[in-house]
Amino acid sequence: MQRYLISRLLMTIPTLFGVAVITFILLRLIPGDIVMLRYGTGALVSEDVLRAERARYGLDKPLHEQFVNWLWGLVRGDLGLSMWTGKPVAYEVAIRLELTLQLAIMATIIAVTLAIPLGTLAAVKQNTWVDYAVRVFSIAGLAMPSFWLGILMILLLLIFFRWSPPVVFTPFWKDPLANLTQLIWPALAVGYRYSAVSTRMMRSALLEVLREDYIRTARAKGLVEYLVIIRHGVRNALLPVVTVIGLEFAFLIGGLVVTEQVFNLNGLGKLIVEAISRRDYTMTQALIMLSAAVFVFVNFLLDLCYMWLDPRIRYR
Amino acid sequence: MWKRTGMLLLVALFLASCAPTAPSQPTAPQPAEEQPRYGGELVFAVDAEPPSLDAHRETTFAVIIPLAPFYSTLLKFDQNNYPKVVGDLAESWSVSSDGLVYEFKLRDGVKFHDGTPLTSRDVVATYNKIIFPPQGVISARKALYAAVESIEAPDTRTVRFKLKYPSASMLANFASGWNWIYKAEIVEKDPRWYEKNVLGTGAFKFVEYVPGSHVLGRKNEDYFIKGRPYLDGFRAVFMTDRSAMVAALRSGQALINFRSVTPQERDDLVRALGNQVVVEESPWICSQMVVLNNEKPPFNDPRVRRALTLAIDRWGGSQYLSQFTFLKHVGALMRPGGPFAMPESELEKLPGFWRDINKSREEARRLLREAGVPEGFAFVLKNRNIEPYPSLGVFLIDQWRQIGLRVEHQLLETGPWTQDLRTGNFEAMLYFNCDFMDDPDLQLLSFISPERSPVNYARYRDPVLDDLYDRQSRELDPEKRKQLVWQFERRAVGEMAYQLPTLWWNRIVVRWAKVKGWRITPSHYINQDLVDVWIAQ
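Going down the list, the protein sequences come from chains A and B.
Oh and the first sequence: position 212 is 212 in the numbering used here, straight run, nothing missing.
Oh and the second sequence: position 361 is 361 in the numbering used here, straight run, nothing missing.
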C-alpha cells in the first residue's frame with residue numbers, strides 16, 4: 001500500500017513536467033506579448049523602448065533559457081512575479097484562493113445534498129412520476145449553463161427586489177452574512193449544474209447495484225428495505241459518483257470563468273483568462289500548473305476514497 | 001415548487017419584454033444653490049484593471065479613474081468650463097512674452113499623505129521623470145514635452161520650465177491628468193517605486209488595492225483645500241463584465257461608471273431607474289480611423305485612398321451606429337464641437353464628408369477607373385475583436401462594397417492586432433485614438449512622418465504635413481493656429497487621404513442622481529480627483 005502511494009506520488013512528476021512543457025510552448029505560440037499589449041499603441045514610445053522593456057521581462061533570452069529559469073524557480077517554490085502587476089504570483093493567487101475554494105466547497109455541498117438523495121429516490125422509484133421529475137430536473141440542470149442561470153438569478157433579483165449581490169468579497173470569518181449574501185447565488189447556479197451530472201450518475205449506478213446478487217441476498221434474509229438501499233446499495237453505487245464529484249470539484253478551481261465574471265467574483269478562473277489575454281506568461285504558467293496539481297491531487301484522494309467505500313479494493 | 005419557479009421566470013421575462021423601448025432620458029442638472037453634504041462612501045465601477053499604479057508610464061483609464069483621487073497635478077481642467085485651465089498645486093503662473101519660460105508658484109502648506117511638505121523639488125523631480133526619464137523607465141507621454149529644455153526650482157515654492165521653442169499647447173499639457181506629482185525623495189531613490197505604491201497629495205489617502213477587486217481611499221483631512229473633499233471615502237470596484245457592471249449600477253451597488261456606458265446600457269438603466277439616475281453625454285476625444293498601409297499597392301496611390309474615403313457615408317453611419325455603439329459624431333481630425341473643430345460648412349467640402357453620398361460614390365468610382373482598377377479590388381481589413389471595432393468594420397465593408405471593393409474582415413485579439421499594426425503586417429486596419437484634451441499636437445501626431453511620430457502606422461512621409469505640424473504647434477495666436485490645423489486636415493484627410501477618419505465617440509455617463517458635484521468632460525482621463533463630489537442622501 002505504502003509503496004503504491006509513493007509510486008503514485010512519483011508519477012505526478014512526469015505528468016506535471018509534461019504540463020509545464022506544453023503550457024510554456026503554447027503560450028509562446030500565441031502572437032503578441034505583454035510589452036506590445038501595454039505599450040504597443042497608446043504610449044508614444046519607440047521600438048528601442050519596447051526592446052528594453054522586453055529585456056526587463058527576460059523575453060529577449062532564448063526560449064530554452066526562459067524555460068529553465070522558470071522551471072528552476074518552480075522547483076524552489078518560487079512562482080515568480082506577475083508580468084502585469086509586478087507582484088508575486090503567489091500573492092495574486094492567495095488573495096483569490098479563499099473565494100474560489102469557498103465557492104467550490106459551497107457548490108459541492110449543494111450538489112451532493114441534491115444529487116445523492118435525488119439520484120437514490122429516482123432509482124428506487126424507477127419509472128414513476130418521482131423518477132421522471134428528478135430526470136427532468138437533472139436534464140434541465142445539464143442543459144442550462146451555470147453562467148446563464150446566474151444571469152437569470154441576477155435579473156430576477158433586480159426585477160423583484162431591486163437588489164443584486166454585493167460586488168466586493170467579504171471573507172466568511174470577517175462577516176459571515178455579507179459573505180454568504182454574495183456567494184450563495186453563484187454557489188446555487190454552479191451547484192445546480194454540478195448536481196445534475198451527479199444525480200444522473202447516482203441514479204444509473206444505483207440501478208445497476210440494485211440488480212446485484214448481494215442485494216437480492218440482503219432482501220432474502222429479511223433486511224429492512226431502507227437498510228438494503230443505504231447500506232448495500234448506495235454505498236456501492238457511490239464509487240462512480242465520488243469520481244464525478246471529485247473531478248467536478250477540481251474543475252471548479254479555476255474553471256468558473258464566466259460565472260465569476262457574471263457575479264463579479266475575484267476568483268482564479270477570471271484570473272486565468274485575464275492572464276492569458278494580457279500575455280502574462282508567469283501568471284498563466286503558474287495558474288495552469290496549479291490547476292494541474294489540483295487535478296492530480298484530487299485523483300490521488302479519489303483513489304484513497306475508493307478503498308474506504310469498497311473494502312475489496314486494495315492497491316499493490 | 002416547480003410550478004412556482006416556472007411562473008416566476010415567465011413573469012420576469014414578460015416584465016422585461018414589456019418595458020418601454022424608447023426611454024426618456026432624465027437630464028436634470030443639479031440646482032446651483034444645492035448645499036453640498038459631507039460624508040458617505042462613493043462606490044463606482046471601473047471596467048478594467050491597472051497594469052501598474054504609475055500614471056507616468058501607463059496609458060489606460062484603469063490607472064487614472066481609481067487612482068487619481070490620491071494625487072494632485074500642477075494645473076487641471078475646470079470641469080465646469082472645459083477647456084479652461086485652473087490651478088491645482090499651482091497657486092498662480094506666468095508665461096514670458098516670447099513663450100519660452102513658464103513659471104509656477106505653488107500653494108503653501110501642501111502635504112504628502114505621509115505628512116511631509118510638498119516643495120518645488122517634488123514638482124521638478126516629477127517632471128524630470130516624465131520628460132527626461134532615467135534609463136529603463138518608460139514615460140508614455142515624454143514626446144509631448146519635447147519643447148522643454150530644462151526645469152528649475154529657484155526657491156521652495158517656484159518651478160520654472162524653460163522651452164527650446166514656443167509651444168502653443170504647453171500650458172494645457174501641465175493640466176494633464178496623467179502628470180501626478182510624486183515625492184522627489186522617492187523618485188530620485190527609486191523611479192519605479194510608484195509602479196507598486198501610492199503616495200500623493202490628493203483629496204483622498206490610499207487605504208488598499210486588492211488586485212482584481214477594488215481600490216479603497218479615505219478622506220484626506222489635511223487636504224490643501226479647506227472643507228474638501230466632501231466624501232468620507234471611495235471604493236473603485238473593478239468590473240470587467242459589462243452585464244455585472246450594469247446590474248451593479250441598477251441595484252445601486254455602484255453609483256457611477258465614470259468612463260462611459262453604451263447607448264443600450266444607458267437605455268436599460270433609464271428604463272429601470274427613471275429619474276433616480278441622471279444621464280450626461282458629450283462628444284468624446286476618442287476617434288476611430290482606418291489606417292491604410294501606404295507602402296502596399298494599391299494604397300500607395302492617393303486616388304485609391306481618396307476613393308475609399310469617398311465611399312463612406314459618415315453622416316448615415318452616424319445615425320445607425322450611434323444606436324448601439326459609442327460611435328456617433330462626424331468630424332475630421334479634431335473633435336467635433338471642440339475648440340479646433342472645422343466648421344460643418346467647411347467639413348462638408350472634404351472628400352468623404354459630402355452630404356450627397358451618391359455623388360461621392362460616383363467620384364470614388366471615377367477615381368478607381370483613373371487609378372487603373374475600374375473593377376475594384378480585394379483586400380483584408382484587419383480589426384480588433386472588441387466593440388465598437390467589429391460593428392464599424394462591418395459598416396465599412398458594406399460601404400466599400402458599393403463601389404466594387406471586396407473586403408475580407410479579419411478579427412484579431414488585441415495582442416496580434418497591435419503586433420500587426422506596429423510591424424506593418426496589414427493592408428487596412430481599424431485603429432483608435434483617445435486623448436486627454438483637444439489639442440492638435442496630440443490629435444495630429446499620428447499623421448506626421450514615422451521618424452518623428454511613433455504612432456504613424458500608415459507608413460508614409462510627407463514633409464508638407466511635418467512642416468504644417470511644426471508651424472501650428474509653435475503658433476501662439478489661437479486663430480492662426482486653427483487655420484494651420486485646418487490646412488493640415490485638408491491635406492491629410494482630403495487631398496492625400498493617408499488615413500481615413502470614420503466617426504468620433506460619444507461619451508455617456510449614467511450616475512445616480514444623488515451623486516453630485518461631478519460633470520462630464522470630453523475626456524475620461526481628466527476630472528477624476530473627486531474633490532467636489534458629494535452624495536445627497
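Treat the hints as calculated values from the structure; they're not laboratory data.
Worth double-checking, as some hints may not be accurate.
[As the list claims (entries may be wrong)] Simulated crosslink set (BS3-like; lysine-lysine; CA at most 25 Å straight-line):
#	chain 1	residue 1	chain 2	residue 2
1	A	87	B	105
2	B	105	A	174
3	B	514	B	219
4	B	196	B	142
5	B	111	B	196
6	A	61	A	125
7	B	226	A	87
8	B	84	B	105
9	B	84	B	162
Status of the hints after comparison with the structure:
1. Between residue 87(A) and residue 105(B), the direct Cα distance comes to roughly 38 Å. Violation of the 25 Å bound is thereby established for this hinted pair.
2. A C-alpha spacing of about 48 Å is found between residue 105(B) and residue 174(A), which places the hinted pair above 25 Å, so the restraint is violated.
3. Taken as a hint, the residue 514(B) and residue 219(B) pair is honoured in the structure, with Cα atoms around 19 Å apart against an allowance of 25 Å.
4. Using a Cα cut-off of 25 Å, the hinted pair residue 196(B) and residue 142(B) holds, with the two alpha carbons roughly 21 Å apart.
5. Annotation: proposed proximity of residue 111(B) to residue 196(B) holds, straight-line Cα distance about 21 Å (limit 25 Å).
6. Annotation: proposed proximity of residue 61(A) to residue 125(A) is violated, straight-line Cα distance about 65 Å (limit 25 Å).
7. Proximity of residue 226(B) to residue 87(A) is assessed by CA-CA distance (about 37 Å); at most 25 Å being required, the pair is judged violated.
8. Restraint check for residue 84(B) and residue 105(B): satisfied, since their Cα atoms lie roughly 19 Å apart, inside the 25 Å limit.
9. For the proposed pair residue 84(B) and residue 162(B), the alpha carbon gap of about 23 Å is at most 25 Å, so the pair holds.
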